[in-house]
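Could you slot chain B onto chain A? The hints should help.
Chains as they are written, first to last, in this note's numbering: chain A, -1 to 114; chain B, 47 to 160.
Some hints could be false.
[Stated by the list, open to error] List time: in silico DSSO-like cross-link candidates among lysine-lysine, alpha-carbon distance up to 30 Å:
1) A/20 / B/59
2) A/106 / A/75
3) A/106 / A/56
4) B/59 / B/103
5) A/75 / A/56
6) A/106 / A/67
7) A/75 / A/20
8) A/20 / A/67
9) A/67 / A/47
10) B/103 / A/20
11) B/59 / A/67
12) A/106 / A/47
13) A/106 / B/59
14) A/106 / A/20
15) B/103 / A/47
Hints listed in this document are in silico derivations from the structure and should not be mistaken for laboratory results.
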Amino acid sequence: AQSVAQPEDQVNVAEGNPLTVKCTYSVSGNPYLFWYVQYPNRGLQFLLKYITGDNLVKGSYGFEAEFNKSQTSFHLKKPSALVSDSALYFCAVRDMGGGSNYKLTFGKGTLLTVNP
Amino acid sequence: KAGVTQTPRYLIKTRGQQVTLSCSPISGHRSVSWYQQTPGQGLQFLFEYFSETQRNKGNFPGRFSGRQFSNSRSEMNVSTLELGDSALYLCASSLQGSANTEAFFGQGTRLTVV
Chain A
-1 AQSVAQPEDQ VNVAEGNPLT VKCTYSVSGN PYLFWYVQYP NRGLQFLLKY ITGDNLVKGS
59 YGFEAEFNKS QTSFHLKKPS ALVSDSALYF CAVRDMGGGS NYKLTFGKGT LLTVNP
Chain B
47 KAGVTQTPRY LIKTRGQQVT LSCSPISGHR SVSWYQQTPG QGLQFLFEYF SETQRNKGNF
107 PGRFSGRQFS NSRSEMNVST LELGDSALYL CASSLQGSAN TEAFFGQGTR LTVV
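Chain A with its partners taken away, still in its complex shape (with noise of 0.2 Å):
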């Protein structure tokens, strides 16, 4: 079975300042990872993936990630956090190896809270 980890509910950062948002996997085969986010009373908003290739993948509006296969990691970054970055971040994973599977699994979500 697939699941995915959060570890964090809240994560608070200064305008400007760099930002981390942590996600962990576990799948029996490999990943496909992607981050979503989510604004008050709005559905979710496609951020980037990961499928193959560069560890490194970049997305939307700035936002960066890292997939660590050792680690079971794929951490959303943003090198200077905006106010307007403020809302609900969701990491979800789908197994390569899950055959007929095509769920997303998603994390609980963290909430990212950037301070003027």
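Showing chain B alone in chain A's frame:
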């Protein structure tokens, strides 16, 4: 290109009633998935449809059902509503539903059961 459209945005129903939620995927997308989001359980997978066939189902009771039409539009139905069914129901579409493709989400339907 229009995004994923879910209707209605808000619903209030009484226990024991049934409800139908609708999802129109992005044009050309053939895979539609449904998720339930609650503060306690987070995002949980309900089911996924591709070309009118249910390909995968989550761990929800049989009161939760869905279908997909030939134009890829999808509906989910919840019968005999319980208070615990109050949640944000999210629909997501993707081109082929392949494991390596991202899903695009609608804004959701907020269901309140009283």
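Now for the hints, and whether the structure bears them out:
1. A/20 / B/59: Given that 30 Å is the threshold and the Cα spacing comes to 38 Å, the pair is violated.
2. A/106 / A/75: holds (18 Å)
3. A/106 / A/56: With Cα atoms ~23 Å apart, residue 106 of chain A and residue 56 of chain A stay inside 30 Å; holds.
4. B/59 / B/103: holds (25 Å)
5. A/75 / A/56: holds (10 Å)
6. A/106 / A/67: Holds, at roughly 21 Å.
7. A/75 / A/20: The given pair, whose Cα atoms are some 9 Å apart, holds under the 30 Å limit.
8. A/20 / A/67: Distance ~14 Å between residue 20 of chain A and residue 67 of chain A Cα, so the pair holds.
9. A/67 / A/47: Satisfied, since the Cα-Cα distance of roughly 15 Å is no more than 30 Å.
10. B/103 / A/20: At roughly 28 Å apart (the allowed maximum being 30 Å), residue 20 of chain A and residue 103 of chain B satisfy the hint.
11. B/59 / A/67: violated (46 Å)
12. A/106 / A/47: holds (18 Å)
13. A/106 / B/59: This hinted pair holds, its Cα atoms lying about 27 Å apart.
14. A/106 / A/20: Within the cut-off at roughly 12 Å; holds.
15. B/103 / A/47: Answer holds: residue 103 of chain B to residue 47 of chain A is near 24 Å, not above 30 Å.
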